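Peer 1: Protein chains in written order, with this note's numbering: chain B, 4 to 116; chain S, 199 to 309.
Don't read these hints as lab results, they were simulated from the structure.
Note that the structure is predicted; figures quoted are calculated from it, not measured.
Here a beta-carbon is modelled for each residue, glycine too, at the ideal position from N, C-alpha and C.
A couple of the hints might just be wrong.
Unchecked claim - Quick list of the computed label-pair ranges, beta carbon to beta carbon:
id: 1; chain 1: S; residue 1: 272; chain 2: B; residue 2: 16; range: 33 to 43 Å
id: 2; chain 1: S; residue 1: 218; chain 2: B; residue 2: 104; range: 35 to 45 Å
id: 3; chain 1: S; residue 1: 244; chain 2: B; residue 2: 89; range: 37 to 47 Å
id: 4; chain 1: B; residue 1: 80; chain 2: S; residue 2: 253; range: 13 to 23 Å
Stated by the list, open to error - Simulated crosslink set (DSS-like; lysine-lysine; CA at most 30 Å straight-line):
id: 5; chain 1: S; residue 1: 301; chain 2: S; residue 2: 254
id: 6; chain 1: S; residue 1: 269; chain 2: S; residue 2: 240
id: 7; chain 1: B; residue 1: 60; chain 2: B; residue 2: 16
id: 8; chain 1: B; residue 1: 16; chain 2: S; residue 2: 240
id: 9; chain 1: B; residue 1: 60; chain 2: S; residue 2: 266
id: 10; chain 1: S; residue 1: 269; chain 2: B; residue 2: 60
id: 11; chain 1: B; residue 1: 60; chain 2: S; residue 2: 240
id: 12; chain 1: S; residue 1: 301; chain 2: B; residue 2: 16
id: 13; chain 1: B; residue 1: 60; chain 2: S; residue 2: 301
Said to hold, decoys possible - Among chain B residues calculated to face chain S with C-beta under 10 Å, some are:
id: 14; residue: 54
id: 15; residue: 56
id: 16; residue: 59
id: 17; residue: 72
id: 18; residue: 91
id: 19; residue: 108
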Amino acid sequence: KAGVTQTPRYLIKTRGQQVTLSCSPISGHRSVSWYQQTPGQGLQFLFEYFSETQRNKGNFPGRFSGRQFSNSRSEMNVSTLELGDSALYLCASFTSPSYNEQFFGPGTRLTVL
Amino acid sequence: GESVGLHLPTLSVQEGDNSIINCAYSNSASDYFIWYKQESGKGPQFIIDIRSNMDKRQGQRVTVLLNKTVKHLSLQIAATQPGDSAVYFCAERSGNTPLVFGKGTRLSVIA
Chain B
4 KAGVTQTPRY LIKTRGQQVT LSCSPISGHR SVSWYQQTPG QGLQFLFEYF
54 SETQRNKGNF PGRFSGRQFS NSRSEMNVST LELGDSALYL CASFTSPSYN
104 EQFFGPGTRL TVL
Chain S
199 GESVGLHLPT LSVQEGDNSI INCAYSNSAS DYFIWYKQES GKGPQFIIDI
249 RSNMDKRQGQ RVTVLLNKTV KHLSLQIAAT QPGDSAVYFC AERSGNTPLV
299 FGKGTRLSVI A
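Using the sequences and the hints given, assemble the complete structure.
Peer 2: Written as structure tokens, this is what we have:
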């Protein structure tokens, strides 16, 4: 069974631009969570989706948004990029919100110049 | 490889010795705990989990201990190998709330 896929793996943008990251969960998994990982703040929760509905949202500004499609694939968007948005963005998939084990993808490394 | 954390606490262990990685959690309502391993350039990988109704759980070469009285979690790795070198994160959750991750500990295995 294929694991969680995230595209692109690496991305370089400039301040003020926007970016869209994609996550394909493990087949059969209907829940997806997104995390931002930085050296200073560690792993911080962004959003959680289940069956196209956002169930939880972390403490991030409105520039960060996401969605989930009917095939469980998810995207997150960051608008008006800032230098501080440079991070590894991780997606995790799991069977359902009540199921604890989350499987992480390799992440998308975003660099904002 | 990518730097997961520049200023993480580091544990250096001789190959073949046992490793103990500690984690303090803050939410007394947390009922589920999990340990992840993250190697450079990769996403976190599940190691072992434990629910709050248990105080010990064993896996292959790993044991997780939970002390709810002092809100402390530990991961023990037996016969540490070079391949165990990575950053280890503990995470907690209460009910269906999102996982809250600790800052991580870097394990360095000396051959």
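Peer 1: Compare the structure with each hint and give your call.
Peer 2: Structure-based check of each hint:
Range check, residue 272 of chain S to residue 16 of chain B: about 40 Å between beta-carbon atoms, so the 33 to 43 Å window is met. Taken as a hint, the range 35 to 45 Å is violated for the pair residue 218 of chain S and residue 104 of chain B, whose Cβ atoms sit roughly 23 Å apart. At about 27 Å, the CB distance of residue 244 of chain S to residue 89 of chain B disagrees with the hint of 37 to 47 Å. For residue 80 of chain B and residue 253 of chain S, the hinted distance range of 13 to 23 Å is not satisfied, since their beta carbons lie about 43 Å from each other.
Annotation: proposed proximity of residue 301 of chain S to residue 254 of chain S holds, straight-line Cα distance about 22 Å (limit 30 Å). For the given pair, residue 269 of chain S sits about 29 Å from residue 240 of chain S by alpha-carbon distance, which is consistent with the 30 Å threshold. The hinted pair formed by residue 60 of chain B and residue 16 of chain B meets the criterion: a straight-line CA distance of about 25 Å does not exceed 30 Å. For the suggested pair residue 16 of chain B and residue 240 of chain S, the alpha carbons sit about 22 Å apart, so the restraint of at most 30 Å is met.
Proposed proximity of residue 60 of chain B and residue 266 of chain S is supported: the alpha carbons are some 27 Å apart, at most 30 Å. Using a Cα cut-off of 30 Å, the hinted pair residue 269 of chain S and residue 60 of chain B holds, with the two alpha carbons roughly 25 Å apart. With a C-alpha separation of about 24 Å, the suggested pair residue 60 of chain B and residue 240 of chain S falls inside the 30 Å cut-off, and the hint holds. As the CA atoms of residue 301 of chain S and residue 16 of chain B are separated by approximately 27 Å, the hinted pair is consistent with the 30 Å bound.
Taking the CA atoms of residue 60 of chain B and residue 301 of chain S, the gap is near 20 Å; set against the 30 Å cutoff, the hint holds. Checking residue 54 of chain B against chain S: minimum C-beta separation of about 14 Å lies over 10 Å; hint violated. Because the beta carbon of residue 56 of chain B sits about 13 Å from the nearest beta carbon in chain S, more than 10 Å, this interface hint is broken. For the restraint placing residue 59 of chain B at the interface with chain S, the shortest Cβ-Cβ distance is roughly 5 Å, inside the 10 Å limit, so the hint holds.
The beta carbon of residue 72 of chain B is not positioned within 10 Å of any beta carbon in chain S (closest approach about 21 Å), and the interface hint is therefore violated. Residue-level restraint check for residue 91 of chain B holds (minimum Cβ-Cβ distance to chain S is 7 Å; threshold 10 Å). A cut of 10 Å between beta carbons decides the hint on residue 108 of chain B: the least distance to chain S is about 5 Å, and the hint holds.
The structure does not agree with the numbered hints 2, 3, 4, 14, 15 and 17 stated previously, though it agrees with the rest.
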